[in-house]
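Peer 1: Chain by chain, the residues run as shown.
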Amino acid sequence: MAKLPLEGVRVVALPVVFAGPFATMLLADLGAEVILVESIHHFPTITRGYMPKPPQFLVPTTGATFGGSGGIQTYVDHWAGDRPWDRFVMFHALGRNKLSCCIDLTRPEGVEVFKRLIKVSDIFFESNAADTMEKLNLTYDVLKEVNPAIIYLSMPGLGCSGPHKYCTVFGAQLQALAGHTWLTRYPDLDYTTTQSLIFHSDAASGATAAFAILCALRYRKRTGKGQFIDLAQLESVIPHLGEAIMDYTMNGRVQEPLGNRHPFMAPHGVYRCLGEDKWVAISVSSEEEWQRLCRALGTPPWSKEERFSTPLNRLENQDEMDKYIEEWTCRHDNYEVMYILQKEGIAAGPVLDQRDAFHNAQLASRGFFEVVSHREAGTHLYPGMLWKMGSTPLSIRKPPPCLGEHNDYVFKEVLGMSSDEIAELEKKKLIGGDEYIMESIF
Amino acid sequence: MLEQALSGVKVLDLTWHIAGPYCTKLLADYGADVIKVERPGEGDPTRAMGPFFKDDPHPEKSGLFLHLNTNKKGITLNLKSATGKKILKQLVADSDILVESFRPHVMPSLGLDYQALEKVNPRLVMVSVSSFGQTGPYRDFKASEIVEYAMGGEMYSTGTAGREPLKLGGNVIQYQAGTVAAVATMGALYAAEDQGTGQHVDISIMETQAGSADRRIMYILSYIMAGVITTRWPPPREAVRMLIMPQGVYPCKDGFVNTLSLPQWWSRYIEALGMPELKDDPRFQNIYSAEAGMEFDAIWYSWLADHDKQELFDIFLKSKIASAPVNSPEDLLKYTQLKAREYFVEVDHPETGKVTYPGAPFKMSETSWKIRQPAPLLGQHNEEIYCRLLGYTREELMKLREGGII
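First to last, the protein sequences are chains A and B. Read in the working numbering, the first sequence has 51 at position 51, and its numbers run on one by one without any break. Here the working numbering runs 1000 ahead of the position in the second sequence, where the first position is 1.
As a list, the in silico PhoX-like pairs of lysine-lysine whose alpha-carbon atoms are at most 20 Å apart:
1) B:1010 - A:221
2) B:1318 - A:135
3) A:165 - B:1320
4) B:1339 - A:165
5) B:1073 - B:1010
Hints were generated in silico from the structure; no laboratory data involved. Nothing here was measured: the structure is a model prediction, and the numbers come from that model.
Between the sequences and the hints, there should be enough to build the whole structure, so can you do that?
Peer 2: Given below as structure tokens:
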């Protein structure tokens, strides 16, 4: 049986929020030993919760109670419990296959322990604000003295140089800066009334960062050399908007948002279906598909009208055409529409809410969800691997780690410390895991 | 000396549209030798997709194609012909990686599935990128950007309450699938170089969405672990909010800004607004008050109306508030930070001359990202690949051309 691709590669990581945890999850899925170095003194906001011990009134009970982003502020069973940081769903979503140890990096003894860990690792990965590593005095220049072959990746929002290096940005701001907010809007509403809480840059920069690490690993394998990777999250998402950039640089055109429509496909959109808040997405890419769509709809009289007779006419008369199509979709379940249209070879699929996605037949048949048992959260199915590999099948091998769960493994087995040494570190509160030692922000 | 991280990696690229080509672009831009195989005649369908240089719909002037295919060598080959298949296998024998993005039935129907290609090259990493994956009941379903976002992605909660779910702008789902595919490809390459293990990697665009960070994976797990359904939300003015500080997109003098607040940042807002008196204002002593939020909004909106978006960005930068202008593509091209980092690059191409392209998605200290050559003209490297690499003679090449093979 082949080893996992990255078996034997050790990653020390200080990832926060979405992008960094996503990147390190992809590396962990590939078999790397990803050790999160966490702190019991500093609470990483939005990573293990919004606060260490949230009052129950801030724990959302339904998606609609909390900024529309209930899904990223949830605790298992709506109950924060004694160790809320181990029950925060977002951490669970991106924490699989990783290990956690705690080291206080603000004290010299903690830094010494950390450097010992760097010495026996291949990669250091961090996704904090650009000044964090500088403040801790753990920059690349410092760590490469400890381990010259280390691969060190930093991924602040705007990069490790330039006048806005220290700018505080999250996904929402990166989305705005990149021009993606600009392109994502209902054509009949403005930016303040179009609400979009999905920020593509986190997904884009997270996956790009994992790719960057793999490039550097290959280079190191061939040359023995480590290196520094400066990944500006903004710069990694801009290529994903290539068409809009090129239209501007080639033609001086500032593309305007199209909502659910397409520059040349019509019909193209989301249509209401039978049921509460049920929708189906449909796109028609050719004349032949249009004919088949009309057939699937029973060749209604309107479909033969002159104004819908050519792709250009359909593009120009979309509003009217969409009303007719919606009259039809409204009478059908959204999955039903999918099956009817797919049979005709037309791209159509339901807008799946989270429940429908969880129960989806395609994801189920491919074994996308995997069973995971977690000490503090119980047993659930979790979203699993992003791809399938024939010879080195990937899976959720370990549940998301509890805070400091692997202190013993890291300090004893990886660093070879004695029980006395570890007890001493614990006594000094340099390591831990049962409690955050900090002033509450309340 | 290895110049680039992926120097020496040989990639055979049978992909088209966006997802697959973005995967191989990442590999090519970091040094891999990528041979892009297109069908004779029309080539990659993105050649027929805009935006076009100077709005001239010409197969060598598609901005989308030019962007996605930098650093690749281009050949044409008819995979339906017996000779075409034979040639492809010759190329496979000399490749580390093959990436394809046909619908799942295509490669097997051509007799070019993994089982067949593995015999030619046991160490081959074959990566298949498809809408729903190589297996399952939807295997042969058709999809598109909007359908993939609807089914795999978090479209359900994208957009405004009371309105239909909203697609993200552009084709970002395809690009994301391509980026994830590049990670998977590199993982498989690492195994192949390390252990001599070839394999087939099966990438479903639906799964790259369902498992990606923002925010599908969290929202699905929130449903599983707490029954939470996350739906579309009203805009800032109408939403019940948690903090008195603003969250979301707000109008300013010449456009819009996007602001995000954390509970501990109240003092930063006071500083940014230059209103230290708010600190002791009895209305604003509880930052978790929605009512106080309404009061604060009045101050906030009128303050924003006095400033333009770049000016606001500077103020927010100083106060360390996470806020940024809603940039247009034009603003982005002019953004000082990107200029200072020399992000955008100029690429010279025979049909368009010099055009500015998006640059490196990350900078490596030891090895470079660079444009060695622009996207290939259709069949530009036929002679180089077929004659110099595979040893065909000019005459044979002519015959292949006449036979419609290339």
